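Chains R and D are the protein sequences, given in the same order.
Sequential numbering from 1 applies to the first sequence in our numbering.
Sequential numbering from 149 applies to the second sequence in our numbering.
Because the hints were derived from the structure by calculation, they are not lab data.
Model, not experiment: these values are computed from the prediction.
Incorrect hints may appear among the rest.
Claimed, not checked - To give a feel for the contact side, a few chain D residues facing chain R, derived at Cβ under 7 Å:
hint, residue
1, 162
2, 166
3, 239
4, 256
5, 257
6, 258
7, 261
8, 274
9, 277
10, 283
11, 284
12, 287
13, 289
14, 290
15, 294
In this text, a Cβ means the ideal position worked out from N, Cα and C, and glycines have one as well.
There are 2 protein chains.
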Amino acid sequence: MAVFADTPGARIARGVCRWLSDAGAAPLTEFSPAPGLRVDVAALGPDGTVSVIECKSSLADFRADLKWRGYLPWCDAFWFAVGPEFPVEALPQDEGVLVADDWGAEPLRLPTPRPLAPARRRALTLRIGRAAALRLRRFEDPGAPPSV
Amino acid sequence: MAVFADTPGARIARGVCRWLSDAGAAPLTEFSPAPGLRVDVAALGPDGTVSVIECKSSLADFRADLKWRGYLPWCDAFWFAVGPEFPVEALPQDEGVLVADDWGAEPLRLPTPRPLAPARRRALTLRIGRAAALRLRRFEDPGAPPSV
């Protein structure tokens, strides 16, 4: 899902990020926790908790996703975020559910906590922080040559 | 120093950030490591090292800064960054020196390493990462209402 495009998934991601920010978490879209993996939204909570949120614009979108279980080892809390029309009963019971629109989101079901090992949480925190800082530079210094 | 303005200090900060990015570090300008403190540039290295760089556009600017020693407990490595005309012999011998311009920077003297305690480095990494992610949101979603 390309979260910068004006697609249903992108609008869900926008609402999710607004909710996360309001809730005190710092969201980063399109984050790669490890080579070959890319989650729609990752977030660093004030207490250091790492959350991952996958945005599903439709049941077909959810069913086509064969990768989401691979994200579970990379977060303390995993959520699906769906639009208001989504049949939420189709979603796995153990994962969190957010109902989102363009403007925000609301939690419908809390995720089962699966605390990360401290070493992995530290590595992920560094990786999220570095990715956010480097992406921010592209906005703050658009004339910079690409880093080698 | 306001690093977004087109001041001599801001131009030094821009060169410093380009050098940091090229060197594999992820820079964040105007970072507050603790209440009441604000450094010109903080950076997360690939290995998690936290660097702080203070930009000094002139000897007067350096001499007017009574706060820089207060930043030492908040980084593994501390650098001054100055323009090519700066009399570098006026800078303290134990700190790193970068000579910077609008386009980049070069290390003139390496800083004395002062490794942070792991708990503080973890807390700083989270704080830098959250600050970068939240600042990035302002660019990626400029229409978002300010978080409460």
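Tested hints:
1. 162: holds, 6 Å
2. 166: holds, 5 Å
3. 239: violated, 25 Å
4. 256: violated, 22 Å
5. 257: violated, 24 Å
6. 258: violated, 21 Å
7. 261: Because about 18 Å separates residue 261 of chain D from the closest Cβ in chain R, which is outside the 7 Å limit, the hint is violated.
8. 274: holds, 5 Å
9. 277: holds, 2 Å
10. 283: At about 6 Å, which falls below the 7 Å cut-off, the nearest Cβ of chain R leaves the hint on residue 283 of chain D intact, so it holds.
11. 284: Since the shortest Cβ distance to chain R is 5 Å, the answer is holds.
12. 287: Hint holds; residue 287 of chain D Cβ to chain R Cβ min 4 Å, cut 7 Å.
13. 289: Where the cut-off is 7 Å and the nearest Cβ of chain R is about 6 Å from residue 289 of chain D, the hint holds.
14. 290: Violated, because the Cβ-Cβ distance from residue 290 of chain D to chain R comes to roughly 10 Å (cut-off 7 Å).
15. 294: Not OK, violated: residue 294 of chain D not within 7 Å of chain R, min 9 Å.
The structure fails hints 3, 4, 5, 6, 7, 14, 15 (numbered hints given earlier, in ascending order).
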